[in-house]
Amino acid sequence: MKYQSQSVAKAYFYCAMALFGIQVLGGLLAGWIYVSPNTLSEIVPFNVIRMIHTNALIVWLLLGFFGAAYFLVPEESERELYSVKLAYLQLIILMVGTLGAVGSYLVGIHGGREFLEQPLWVKFGILVAAVIFLFNISMTVLAGRKTAITNVLLMGLWLLCLLWVFAFINPDNLSLDKMYWWMVIHLWVEATWELVMAAILGYLMLKLTGVDREVVEKWLYVIVATALFSGILGTGHHFYWIGTPGYWQWIGSIFSTFEVIPFFLMMSFAFVMVWKGRKNHPNKAALLWSLGSSTVAFFGAGVWGFLHTLHGVNFYSHGTQITAAHGHLAFYGAYVALNLAIFTYAMPMLRGRDPYNQVLNMASFWLMTGGMTFMTFVLTFAGTIQTHMQRVLGENYMDVQDSLSLFYLMRFGAGAAVVVGALLFIYSLVVVRKREVIQPGPAQPGPAQSVAGE
Amino acid sequence: MAEILTKTRARNIFYGGSIFFVVVFIALTAQSHRHIVKTSTAGMPLTEQVALGKHVWEKNSCINCHTLHGEGAYFAPEIGNVMTRWGVADDPETAYEILDGWMQAQPSGIEGRRQMPHFEITEEEMRALSEFLRWADQTDTQGWPPNDAG
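Listed in order, the protein sequences are those of chains A and B.
Taken in order, the first sequence gives residues 1 to 454; the numbers are from our numbering.
Taken in order, the second sequence gives residues 1 to 150; the numbers are from our numbering.
FYI, nobody ran anything at the bench for these hints, they're computed from the structure.
Label-pair restraints from in silico Cβ distances:
#1 B:44 to A:169: 17 to 27 Å
#2 B:24 to A:85: 40 to 50 Å
#3 A:146 to B:148: 52 to 62 Å
#4 A:430 to B:122: 41 to 51 Å
Source: prediction; values computed, not measured.
Glycine is no exception: its CB is placed at the ideal position from the N, C-alpha and C atoms.
Produce the entire structure from the sequences given, and follow the hints as far as they go.
Dropping the structure here:
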């Protein structure tokens, strides 16, 4: 760690991991309710648990992004953060808002637009926090060295904060409401967040593989170009059946097919950089998470997204367990795993230690990734059966659901593996074990030298 | 990557292309906005009662169990065509009575069956919710869902 102010990221990562724990436990409980529907039904109904599951996810991913920005921007800009105090103030606002939102969900106070259920005061809190963040990080970047990584990262973060304005726009007309709702939801996860993801991945590749910055940055611009060229009009795949015009069926089908490309490029980028790079970085766990993230993102967001994005297919599969399968693997691969990659990379430095507990950390990768993959397959099968029985044969929703119970039982098992993996991950970063379990191998001959802790 | 694609060129393509697609997207969004208001949701007036019904829908976070036009949680049935499924899309009074009867009967308490919570909803709100669901049902959703099962 070269700059003192980078240590702000530590607080962000701790808070993010705490919410990660809440998120997966909420998810496990929701998965259990599918198996045993009377659980807690009159105390904490399913809809409240699901709000906690999704909201905790969104906030911890954002905290991870903010923390990652505070960690990597000083190094990229070659100067201290503009204000450490503002960064902590921003974190306090976000945590008070999030815990306040969870508390108010539990007592039944919430909005009713999916993922944007936060009470108005929390939404304003998020807005204030976003403004503080943008000011703080932009002042840092403007005063220092500008790189493609900070350019793309800032562009992604600026745009995602600006799009938050649509969280306040809720027309009485349901179809308009849905159309503008997607301006936050889709343009976050399939456009601006991809910019943030690509920038963080680029930074990790730069550090972990020692490949020349020019090469990394050229890849980065190509990746984000394909992300926005496909992702912006790709919004059309949400505009098939909500009252929007019919032409979106073609625009959405064509452009969202191209949405596979940026994820394919990110995966190729990560592997090509590792092959080209001569650095034998001691933090193998961070490398595993980086490669794993880009790979799972390609399958979860890219392949599983394409599976049901063409309007002829989506007509039958829309809003079934197919969507749930895609949603889980896409979020896990693209955003969860990427955040865990930067946590794994940064935490040992933030805590002033060489990489430690790598075996436990890597075991947690395989547990979580294996669990998530199994869950995705199970839900895909469930969704296929559901689509056929309900959408083709026209059988009653609840009758169809009853015939899927075996899949929901297996999904719960997969979820349990993910939860164990998540807790193991948190343990491996939070609890210090001094002894290295695996000795780093010898560096390959080449110009770049391996520097522990860089 | 080919030498002809320098970092600067890649960056310029990124910025230029993104601006182009943003402009196209804004234009199409504006057209879609007009289409929604004037055509696809024009089958039934958007009254204050319908707006109140949407508020009731939101206040009780129905979307986190049900789907509405296919969006939401997948824990409970599709609601966008529920009035058609009940055969009361054109009958406000019966629609209200069936909805009210259903909601009052929850939770069913049946072991092993998904439970819908009991919601404290006044008669005025229940009538509004019913009208909101009828309003949503008449939206031109390009023929979706494929059948009444939703």
